[in-house]
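K.L.:
Numbering (my numbering), first residue to last: 2 to 106.
Derived by calculation from the structure, the hints in this document are not laboratory data.
Take every hint as true, because none was put in to throw you off.
Taking lysine to any residue pairs in the SDA-like style, the calculated list, with each CA pair at most 20 Å apart, reads:
| no. | residue 1 | residue 2 |
| --- | --- | --- |
| 1 | K103 | T69 |
| 2 | K50 | M24 |
| 3 | K47 | I96 |
| 4 | K50 | D94 |
| 5 | K30 | Q55 |
| 6 | K50 | R76 |
| 7 | K103 | E64 |
| 8 | K29 | A63 |
| 9 | K84 | A14 |
| 10 | K103 | E39 |
| 11 | K29 | Q41 |
| 12 | K103 | A46 |
| 13 | K50 | E91 |
Per label pair, the in silico range of CB-to-CB distance:
| no. | residue 1 | residue 2 | range |
| --- | --- | --- | --- |
| 14 | V60 | G81 | 38 to 48 Å |
| 15 | K84 | D62 | 35 to 45 Å |
| 16 | E79 | D102 | 44 to 54 Å |
| 17 | P89 | R21 | 10 to 20 Å |
| 18 | E91 | E35 | 31 to 41 Å |
| 19 | G18 | A63 | 34 to 44 Å |
We put the beta carbon where it would ideally sit given N, CA and C, even for glycine.
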Amino acid sequence: FFRSLDRSIVDPALGIGWPRVHMSCDFKKPLRFEDEVEIQLRVSAKTSKSISYQFRFRVADAEAARGTLTVVCVRRNEAGEMKAASIPPEIADLIEVAPADKLTD
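Could you put the whole structure together from the sequences, leaning on the hints where they help?
P.N.:
Now the structure itself:
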(Lines of atoms letter the chains of each structure in order from A and count residues from 1; the text may use other names and numbers.)
(Lines give C-alpha, C1' and ligand atoms only; values in the text may rest on other atoms or scores of the structure.)
Protein backbone atom coordinates (compact mmCIF):
# COMPACT_ATOMS: atom_id res chain seq x y z
CA PHE A 1 0.00 0.00 0.00
CA PHE A 2 2.68 2.50 0.97
CA ARG A 3 4.60 1.78 -2.23
CA SER A 4 1.54 2.82 -4.24
CA LEU A 5 1.93 6.22 -2.54
CA ASP A 6 5.66 6.36 -3.41
CA ARG A 7 6.46 5.84 0.28
CA SER A 8 8.07 3.08 2.31
CA ILE A 9 6.55 1.50 5.39
CA VAL A 10 10.05 1.91 6.89
CA ASP A 11 11.25 5.52 6.94
CA PRO A 12 13.94 6.08 9.60
CA ALA A 13 13.74 9.85 9.07
CA LEU A 14 10.17 9.87 10.40
CA GLY A 15 10.96 7.63 13.39
CA ILE A 16 7.59 5.87 13.32
CA GLY A 17 6.35 2.29 13.08
CA TRP A 18 3.10 0.61 12.03
CA PRO A 19 2.26 -2.39 14.25
CA ARG A 20 -0.83 -4.39 13.39
CA VAL A 21 -3.29 -4.11 16.27
CA HIS A 22 -6.26 -5.98 14.82
CA MET A 23 -6.73 -8.46 12.01
CA SER A 24 -9.52 -10.77 10.96
CA CYS A 25 -9.90 -12.97 7.92
CA ASP A 26 -12.65 -15.24 6.63
CA PHE A 27 -11.42 -17.92 4.26
CA LYS A 28 -13.88 -18.91 1.53
CA LYS A 29 -11.81 -21.08 -0.79
CA PRO A 30 -8.38 -22.69 -0.54
CA LEU A 31 -5.43 -21.18 -2.34
CA ARG A 32 -2.86 -23.48 -3.84
CA PHE A 33 0.82 -23.07 -4.60
CA GLU A 34 1.30 -21.30 -7.95
CA ASP A 35 -2.25 -19.82 -7.92
CA GLU A 36 -2.31 -16.29 -9.29
CA VAL A 37 -4.06 -14.27 -6.62
CA GLU A 38 -5.51 -10.79 -7.02
CA ILE A 39 -5.53 -8.80 -3.79
CA GLN A 40 -7.86 -5.81 -3.47
CA LEU A 41 -7.04 -3.45 -0.60
CA ARG A 42 -9.07 -0.41 0.40
CA VAL A 43 -8.80 2.06 3.25
CA SER A 44 -12.02 1.72 5.25
CA ALA A 45 -11.22 4.21 8.04
CA LYS A 46 -8.55 6.70 9.03
CA THR A 47 -8.09 8.48 12.34
CA SER A 48 -5.29 10.76 13.46
CA LYS A 49 -3.34 7.70 14.67
CA SER A 50 -4.65 4.64 12.81
CA ILE A 51 -5.56 3.23 9.42
CA SER A 52 -8.05 0.40 8.86
CA TYR A 53 -8.13 -1.62 5.66
CA GLN A 54 -10.51 -4.08 4.05
CA PHE A 55 -9.08 -6.68 1.74
CA ARG A 56 -10.23 -9.41 -0.62
CA PHE A 57 -8.23 -12.25 -2.15
CA ARG A 58 -9.56 -13.48 -5.49
CA VAL A 59 -8.43 -16.42 -7.58
CA ALA A 60 -9.94 -17.37 -10.95
CA ASP A 61 -12.66 -14.71 -10.49
CA ALA A 62 -13.79 -16.27 -7.20
CA GLU A 63 -13.40 -14.77 -3.75
CA ALA A 64 -10.94 -16.83 -1.71
CA ALA A 65 -10.79 -14.67 1.43
CA ARG A 66 -11.80 -11.32 2.87
CA GLY A 67 -10.91 -9.49 6.01
CA THR A 68 -9.88 -6.39 7.87
CA LEU A 69 -6.61 -5.04 9.22
CA THR A 70 -5.92 -2.07 11.49
CA VAL A 71 -2.49 -0.51 11.98
CA VAL A 72 -1.49 2.23 14.40
CA CYS A 73 1.22 4.81 13.94
CA VAL A 74 3.67 4.60 16.86
CA ARG A 75 6.86 6.16 18.15
CA ARG A 76 9.18 4.65 20.74
CA ASN A 77 9.77 6.50 23.99
CA GLU A 78 13.15 6.69 25.76
CA ALA A 79 12.50 3.30 27.39
CA GLY A 80 11.90 1.77 23.95
CA GLU A 81 8.19 1.28 24.52
CA MET A 82 5.78 1.97 21.67
CA LYS A 83 3.22 4.72 22.08
CA ALA A 84 0.51 5.72 19.61
CA ALA A 85 1.42 8.86 17.67
CA SER A 86 -0.26 11.09 15.14
CA ILE A 87 0.24 10.06 11.54
CA PRO A 88 2.67 12.57 10.02
CA PRO A 89 0.85 15.01 7.70
CA GLU A 90 3.05 14.07 4.73
CA ILE A 91 1.60 10.55 4.98
CA ALA A 92 -1.91 11.33 6.26
CA ASP A 93 -2.52 13.76 3.40
CA LEU A 94 -1.88 10.97 0.86
CA ILE A 95 -4.41 8.55 2.36
CA GLU A 96 -8.11 8.75 1.55
CA VAL A 97 -10.91 6.54 2.83
CA ALA A 98 -12.56 4.60 0.01
CA PRO A 99 -16.12 5.61 -0.88
CA ALA A 100 -18.70 3.51 0.97
CA ASP A 101 -19.94 1.90 -2.25
CA LYS A 102 -16.41 0.56 -2.88
CA LEU A 103 -16.08 -1.13 0.51
CA THR A 104 -16.94 -4.77 1.09
CA ASP A 105 -19.91 -5.86 3.15
